[in-house]
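First to last, the sequence lines map onto chains A and B.
Numbering (the numbering used here) for the first sequence: 1 to 225.
Numbering (the numbering used here) for the second sequence: 1 to 298.
Keep in mind that the hints were calculated from the coordinates and are not lab data.
Any given hint might turn out to be false.
In silico lysine to any residue, SDA-like type, Cα no more than 25 Å apart, as pairs [said to hold, decoys possible]:
1) A/K12 with B/F295
2) A/K64 with B/R297
3) A/K130 with B/E202
4) B/K10 with A/A117
5) A/K68 with A/D98
6) A/K64 with B/Q14
7) A/K89 with B/T97
8) A/K89 with B/S77
9) A/K89 with B/Q14
10) A/K73 with B/Y7
11) A/K89 with A/F30
12) A/K89 with B/T142
13) A/K115 with A/R79
14) B/K10 with A/D98
15) A/K115 with B/L233
Covered stretches of chain A (chain B as the covering partner; in silico rule of three or more C-beta atoms under 8 Å from a C-beta of chain B) [to be verified]:
16) 162-175
17) 184-197
For every residue, glycine included, the Cβ atom is placed at its ideal position computed from N, Cα and C.
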Amino acid sequence: MIKLDNVTKVYKDKHVALRDASASIEKGEFVFLVGPSGSGKSTFLRLLNREVKPQEGTIYVAGKDIGKLPGYKVPDLRRNVGAVFQDYKLLPTRSVFDNVAFALEAIGRPRSAIKEAVPQILELVGLTSKSKNMPDELSGGEQQRVSIARAFVNRPLILLADEPTGNLDPATSVGIMKLLDRINRTGTTVLMATHDRGIVDTMRRRVIELDHGRIVRDQARGVYE
Amino acid sequence: MAIRLDYVMKETGQNLARNLTLTFAAILTVAVSLTMVAASYLIGTGINNSFLGLRSEQQLLVYMNPSAEEDQIDSVSRALEESPQVEEIDFYNRERTFDEFQTLFREQPDLLSSVTAEDLPTSFRVKPTSTDAEVVSALGDTFAEREGVLRVAYAAEYARQVQRSVNTLNRWVTVVGVVLIGASVLLIFNTIRTAVFARRREIEVQRLVGARNWFIRMPFIVEGLVHGLMGALLAAGGTLAFDALWQRNFVDQVAFELLNQIRWSSGDVVSAILIITAIGALTGAVGSGIAVSRFLRA
């Protein structure tokens, strides 16, 4: 599903975010990316939906070399790669329903399909009763659920999560992890960058550890350290 | 994938409403500049239609009294031919004068039907050897008092002066119009940039979920087009008002001799409106196009 071959990413300020990284991730895997701040976790994720391009190496997503993807085909890639973030990136002026619907509108789905898909996904993330609320009326955990709903409503093959529990208390984090686990069980490949030792140690999934842009550990059913 | 028309309209509408003051400024600037362009086009067309151009070939016109005798006309003709200050003369008999009259006033059937060849004076169109105004005027004076002469007109000089000043004025109107179109492009550019900035979160999310570039850009391009076309619509009103004012105040008003010859047809007004609509649309598309390509890079 995902394959990195000797990937190096250097930012304009000469900061080396990823150095000669190689990894292969199968369909349906759940992978934690761990490591200190600045070790390259976010860059790893951003490379997979072509938010950034590597200087060296090749990246395959769903069998395609995404480095060779022309600009106009990048949207097709992104429709198959959902993303959630620590800061949720919700639109504050739109209701929960509209935030999720916005993602489908943006890819040109007809209104009838949107009316059907949004309530389904809101039920999956457990927010049916809040569909008319505005984001600032929700707790952090609920906001992250909306953001997951938005990323998953289009049923992407891959879900990228960049510290999705970074702003949440441990109890709420457990709820979010259960949701991501559930999504993973539908066959969606999930990559999650995190600092949360408790979560990693409890879930016992594959762990890729990064340090100064290098992959220093790649362990099945691993722990945080 | 079908273009979601309702989506584009909704987003464009929101953008227009959010930036009401900037939108208003942009539309007004477009309207003023396009009105000036239209006015300049009409005046230019009017000058070409008028006989100012025809007359400017001539320096001096000696009009004969309609009741002048044949020998009086011959005598004036001979005197003109013999004068060393005359380079060329051209006699306009009644038929020739009437032909010219019909050409010049072809858009005023009322006037044409009320005038016959007999009502028109015959005339000599005289090209003096000198273009010096004083020499020409002295030459004219020697003929003004002759038997059978109705009057001597220094039409050429005057016509050229009027034409020159109208042309100069028109050039300035064009220059100001073009400068204002430039300002319109900048204002639309700025308005769209503001709209892009106001919607940066939406745009970020759209990118993230895989919206195509044209889909993200469409509402902004449409917004710019709306600026241009709304401005053109207002300018069309301005053009009609200008046309009405000109018709009422100058055309057929004896007080504005020569200026009242600058006239245009309703077809010209339609052309002017079509031209400014095209310029308006282009202005909007260029302004928003630059903004969108600068601030919505893929």
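Right, here's what the structure says about each hint:
1. About 20 Å separates the Cα atoms of A/K12 and B/F295, which keeps this hinted pair within 25 Å; it holds.
2. Note on A/K64 and B/R297: the hinted pairing holds, with a Cα-Cα distance of about 24 Å set against a maximum of 25 Å.
3. For the suggested pair A/K130 and B/E202, the alpha carbons sit about 21 Å apart, so the restraint of at most 25 Å is met.
4. Distance check on the hinted pair: B/K10 and A/A117 sit about 21 Å apart at the alpha-carbon level, within 25 Å; holds.
5. For a cut-off of 25 Å, the pair hint linking A/K68 to A/D98 is broken: about 34 Å separates their Cα positions.
6. In summary, the hint linking A/K64 to B/Q14 is not supported, as the alpha carbons are separated by about 39 Å, beyond the 25 Å threshold.
7. At roughly 82 Å between alpha-carbon atoms, A/K89 and B/T97 are farther apart than 25 Å, so this suggested pair is violated.
8. With a C-alpha separation of about 94 Å, the suggested pair A/K89 and B/S77 falls outside the 25 Å cut-off, and the hint is violated.
9. Proximity of A/K89 to B/Q14 is assessed by CA-CA distance (about 21 Å); at most 25 Å being required, the pair is judged to hold.
10. A C-alpha spacing of about 22 Å is found between A/K73 and B/Y7, which places the hinted pair at or below 25 Å, so the restraint holds.
11. Between A/K89 and A/F30 the alpha-carbon distance is near 23 Å, which keeps this suggested pair within the 25 Å criterion.
12. For the given pair, A/K89 sits about 93 Å from B/T142 by alpha-carbon distance, which is inconsistent with the 25 Å threshold.
13. For the given pair, A/K115 sits about 19 Å from A/R79 by alpha-carbon distance, which is consistent with the 25 Å threshold.
14. The straight-line distance between the Cα atoms of B/K10 and A/D98 is roughly 14 Å, inside the 25 Å bound, and the hint therefore holds.
15. At roughly 38 Å between alpha-carbon atoms, A/K115 and B/L233 are farther apart than 25 Å, so this suggested pair is violated.
16. Residue count for the segment 162-175 of chain A with a Cβ under 8 Å from a Cβ of chain B: 0. That is fewer than the three needed, and the coverage hint is violated.
17. For the segment 184-197 of chain A, the proposed coverage by chain B is not satisfied: 0 residues have a C-beta within less than 8 Å of a C-beta in that chain, short of the threshold of three.
Hint compliance for this structure: hints 5, 6, 7, 8, 12, 15, 16 and 17 are broken, all remaining hints hold.
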